[in-house]
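Chemist: Next come the chains, spelled out residue by residue.
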Amino acid sequence: MAPKTQDSIRMEAIEWHIRLRDGGDDAWDRFAEWLAENPLHAEAYDAIERMDHAIEPLLGDVVFHEAANDSDELATRPLRSKRRWVLGGGIMAAAVVSAFVLAPSMLSSRYDVTTGPGERRVVTLDPATQVVLNGSTRMTFDRENPRFAAMDEGEALFRIRHDGARPFVLEVGDNRVEDAGTVFNVVRVPSQVRVAVAEGKVIYNPHRDRIMLDPGQILVDESGADRVRVTQVPPETVGAWEKGQLSYYQAPMSQVAADIARNLGMHVTVPPALADRAFSGSIALRGKGPDEIRRLELALNVHLVPDGDGWTMKPVDGAGR
Amino acid sequence: MTDSGLLAVFVETRAALLRFLQLRGASAADAEDILQDLHLKLVAEKLGPVAQPRAYLYKMATNRLLLFRRTADRRTRREEDWIEVHGGNDGERDERPSIEAELIAREQLAILQRVLDGLPERTRMIFRRFRVEGEAQRGIAEDLGISVSAVEKHLARAYAEIAAARLRLGEDKAIARHLSVERVRHGA
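Chain order of the listed sequences is A and B.
For the record, in the first sequence the residue sitting at position 58 is 58 according to the numbering used here, with numbers rising by one throughout.
For the record, in the second sequence the residue sitting at position 97 is 418 according to the numbering used here, with numbers rising by one throughout.
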């Protein structure tokens with residue numbers, strides 16, 4: 001067997017291995033044909049699969065050197081030392097060095113960053129200012145102004161460097177969130193804007209409502225309502241989604257479902273009968289495998305029934321199962 | 322509720338899956354066992370329709386095959402170890418694997434780190450996003466404004482270099498293992 005042939009088989013095996021991870025029906029059918037072509041194919045594929053499996057436990061400890069890396073390390077270190085939220089291990093640390101995705105808009109220095117369902121992205125605006133985008137989120141930043149961000153949709157956790165002379169401004173539709181060095185979380189869905197503060201101080205709509213928010217406060221601004229609501233939350237739960245933790249006190253099930261959908265990247269339909277049911281408690285999101293779904297069902301006391309592109313919530317006592 | 326979706330596809334695809342498992346090296350009997358097991362799981366789980374049902378079933382079959390192999394491997398290795406270390410002292414036999422495993426892991430990590438450091442930055446970033454963060458190729462391609470096949474080329478290069486490094490590592494590992502076995506024998 002010529003070494004060249006062996007090499008090219010190995011390259012084909014690698015290509016299949018990469019393609020199959022998110023491959024559809026066609027890819028798998030064609031893969032089966034490729035295996036059938038030559039018994040060496042299966043052997044080569046086995047070797048690649050074993051290799052990929054073997055590096056799994058190592059990847060968490062590998063350091064990915066990237067251009068954004070240096071500044072990101074600066075960003076996390078001072079925060080880490082004195083704050084209770086600590087970035088998780090390997091995967092999260094890798095996500096912190098995550099790249100910015102620039103969708104250049106033609107006329108300005110502004111750029112959009114979006115995340116797909118279940119995806120996370122960290123945008124570092126300056127060495128001590130970081131925005132963690134949850135899934136299904138669309139935001140705009142400004143290359144020339146690191147003290148600006150706008151949220152079109154979704155959820156993000158903000159860790160903002162203190163600069164009394166130059167407050168950080170977040171635009172959420174026609175609302176403004178202004179802050180001077182803090183940690184806060186913002187959610188924007190069509191029906192409402194929610195701003196929760198973990199540390200520091202945030203001013204909501206400084207030129208209109210001028211509402212000061214302290215740590216442990218959450219503001220809910222329903223579209224159409226003429227006043228906003230401010231209630232208490234345990235500050236440590238603010239932005240805990242970053243660690244896969246969602247905590248609620250008397251929250252409508254529709255909100256819980258939307259949060260799960262955003263975090264896990266799965267579509268969750270809530271029937272009207274359940275939408276307003278209040279939920280209190282904590283849930284940990286660790287994935288969407290069958291065991292995890294079962295755990296969620298137990299935690300929320302609902303059934304999650306697979307439908308076309310996700311899951312539908314059903315009452316446990318309902319006959320609809 | 323109609324949970325027959327995946328099960329129906331399974332029935333249709335069964336022959337293809339059986340062939341697939343055998344192409345991947347399973348014996349006919351093992352392939353049958355694996356599919357039997359998969360069938361039971363599908364019945365028990367009551368999974369509804371999924372987007373790419375054949376892909377889903379191929380994946381499940383593959384996972385089961387790998388599990389099956391690992392179990393078989395472990396059995397063989399235990400027998401080998403027993404023969405190799407037999408006559409050695411029991412206490413040392415218990416300690417050896419953990420120390421050795423740790424040394425190997427550290428060495429593997431260093432090799433992997435070196436390989437990744439040697440990749441072009443863009444290739445490394447794409448590999449990280451795909452393999453560590455689990456992003457889909459299409460998403461990465463869209464973000465970077467390049468084609469999916471360009472992303473695949475970056476990934477293929479990363480995998481190829483890791484694979485090449487791992488070959489040498491495999492030999493190192495074999496040597497290390499023999500040495501430590503020797504040591505135990507002399508010490509006994």
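Hint data in this document are derived by calculation from the structure and do not stem from the laboratory.
Note that beta-carbon positions come from the ideal geometry of N, C-alpha and C, so glycine has one too.
Certain hints may be false.
To be verified - FRET-style restraints, in silico, Cβ to Cβ:
1. A:His267 / B:Ile425: 23 to 31 Å
2. A:Pro57 / B:Pro441: 40 to 48 Å
3. B:Val364 / A:His65: 19 to 27 Å
4. A:Gly224 / B:Arg390: 57 to 65 Å
5. B:Gly439 / A:Asp291: 37 to 45 Å
6. A:Gly289 / B:Ala350: 47 to 55 Å
Stated by the list, open to error - Residues from chain A that face chain B, not an exhaustive set, calculated with beta carbons under 10 Å:
7. Thr5
8. Asp7
9. Met11
10. His17
11. Val62
12. Phe141
13. Glu144
14. Val230
15. Glu236
16. Ala240
Chemist: State for each hint whether it applies.
Modeler: Against the structure, the hints:
A C-beta distance of roughly 43 Å is found between His267 (chain A) and Ile425 (chain B), which places it outside the suggested range of 23 to 31 Å. With their beta carbons about 25 Å apart, Pro57 (chain A) and Pro441 (chain B) fall outside the hinted range of 40 to 48 Å. At roughly 49 Å, the beta carbons of Val364 (chain B) and His65 (chain A) sit outside the given window of 19 to 27 Å. Against the hinted window of 57 to 65 Å, the Cβ-Cβ separation of Gly224 (chain A) and Arg390 (chain B) comes to about 59 Å, which satisfies the hint.
Against the hinted window of 37 to 45 Å, the Cβ-Cβ separation of Gly439 (chain B) and Asp291 (chain A) comes to about 39 Å, which satisfies the hint. Between Gly289 (chain A) and Ala350 (chain B) the CB atoms are about 29 Å apart, so this pair departs from the stated range of 47 to 55 Å. Against a cut-off of 10 Å between C-beta atoms, the interface hint on Thr5 (chain A) is violated, since the closest Cβ of chain B lies about 15 Å away. A hinted interface residue such as Asp7 (chain A) counts as satisfied when its beta carbon comes closer than 10 Å to some beta carbon of chain B; here the least separation is about 9 Å, so the hint holds.
Because the beta carbon of Met11 (chain A) sits about 6 Å from the nearest beta carbon in chain B, less than 10 Å, this interface hint is met. Below 10 Å, beta-carbon pairs count as interface contacts, and His17 (chain A) has one with chain B at about 7 Å; its hint therefore holds. This hint holds: Val62 (chain A) has a C-beta 6 Å from the nearest C-beta of chain B, less than the 10 Å allowed. With a cut of 10 Å, the hint placing Phe141 (chain A) at the interface with chain B is violated, because the nearest CB-to-CB distance is about 15 Å.
With a cut of 10 Å, the hint placing Glu144 (chain A) at the interface with chain B is violated, because the nearest CB-to-CB distance is about 21 Å. Restraint check, Val230 (chain A) versus chain B: the minimum CB separation of about 36 Å is more than 10 Å; hint violated. For Glu236 (chain A), the interface hint is violated, since its Cβ never comes within 10 Å of a Cβ in chain B; the closest pair sits about 26 Å apart. Proximity of Ala240 (chain A) to chain B is violated relative to the hint, the smallest CB-CB distance being about 20 Å (cut-off 10 Å).
In terms of the numbered hints stated before, the structure departs from hints 1, 2, 3, 6, 7, 12, 13, 14, 15 and 16, listed from lowest to highest.
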